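The lines below spell out each chain.
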Amino acid sequence: KNEVEQSPQNLTAQEGEFITINCSYSVGISALHWLQQHPGGGIVSLFMLSSGKKKHGRLIATINIQEKHSSLHITASHPRDSAVYICAVRNTDKLIFGTGTRLQVFP
Amino acid sequence: NAGVTQTPKFQVLKTGQSMTLQCAQDMNHNSMYWYRQDPGMGLRLIYYSASEGTTDKGEVPNGYNVSRLNKREFSLRLESAAPSQTSVYFCASSATGGYGYTFGSGTRLTVV
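If you're matching them up, the sequences are chains R and L in order.
Going by our numbering, the first sequence opens with residue 115, and the numbers climb by one from there.
Going by our numbering, the second sequence opens with residue 366, and the numbers climb by one from there.
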């Protein structure tokens with residue numbers, strides 16, 4: 115079993131829909147990262163959080179340390195949000211990555 | 366622009382050839398990392414350097430060597446490339462504690 119599990123693996127949505135991507139982990143962590151990878155490969159860090167909730171524009175990330183679970187929400191989704199979203203947890207010095215959720219938003 | 370610069374972006378090697386992937390960051394980060402990304406798998410850590418002068422093995426170090434040349438630069442060397450090393454390689458850096466995690470744009474390596 116992977117130490118970081120994401121669901122769903124693939125997600126399609128219509129423009130304007132509310133999107134939720136989930137991440138569960140089985141190891142102790144000091145922080146959790148959400149990353150975005152667009153076609154063509156570049157990886158961008160969206161959030162780093164260790165408790166509670168963070169918001170940036172239309173993106174919201176939450177974490178529940180007791181349940182070892184995090185969610186990434188996208189409000190009013192747009193085709194430019196189409197990308198792979200990756201959850202990664204910080205365990206000692208290193209990040210452990212999920213396999214990503216591929217999101218496609220259609221106009 | 367501040368960030369992580371990786372070269373080259375693309376490379377094709379023959380089995381047995383060697384090459385070095387270069388990575389440099391200008392954010393004064395202490396920690397630097399090399400990852401590989403394969404289809405259907407999460408990014409996997411090859412080597413990392415928590416500070417200048419130190420390097421440590423990650424999850425998949427076999428077939429690779431690294432050099433932390435100075436605080437800015439962290440190179441990855443394949444001494445004798447194998448088809449199993451066909452992958453996309455990412456360099457990343459962060460401040461101590463994982464703050465400001467920043468990735469390079471990636472190197473797509475094919476070994477034939």
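FYI, nobody ran anything at the bench for these hints, they're computed from the structure.
Bear in mind that the values here come from a model prediction, so they are computed numbers and not experimental data.
Any given hint might turn out to be false.
Claimed, not checked - Here are some, though not all, of the chain L residues that point toward chain R, as calculated from beta-carbon distances under 10 Å:
1. Leu378
2. Gln402
3. Tyr429
4. Glu444
5. Phe455
6. Gly465
Each residue gets a CB set at the ideal place from its N, CA and C atoms; glycine is no exception.
Here is how each hint holds up against the structure:
Violation of the interface hint for Leu378/L is found here, the shortest Cβ-Cβ separation to chain R being roughly 19 Å, above the 10 Å cut-off. About 8 Å separates the beta-carbon of Gln402/L from the nearest beta-carbon of chain R, less than 10 Å, and the hint is met. For Tyr429/L, the interface hint is violated, the least distance from its beta-carbon to any beta-carbon of chain R being 16 Å, above 10 Å. For Glu444/L, the interface hint is violated, the least distance from its beta-carbon to any beta-carbon of chain R being 24 Å, above 10 Å.
Because the closest C-beta pair between Phe455/L and chain R is about 6 Å apart, less than 10 Å, the hint holds. Hint on Gly465/L holds. Least Cβ distance to chain R is approximately 8 Å, under the 10 Å limit.
Hints 1, 3 and 4 from the earlier list are contradicted by this structure; the remaining hints agree with it.
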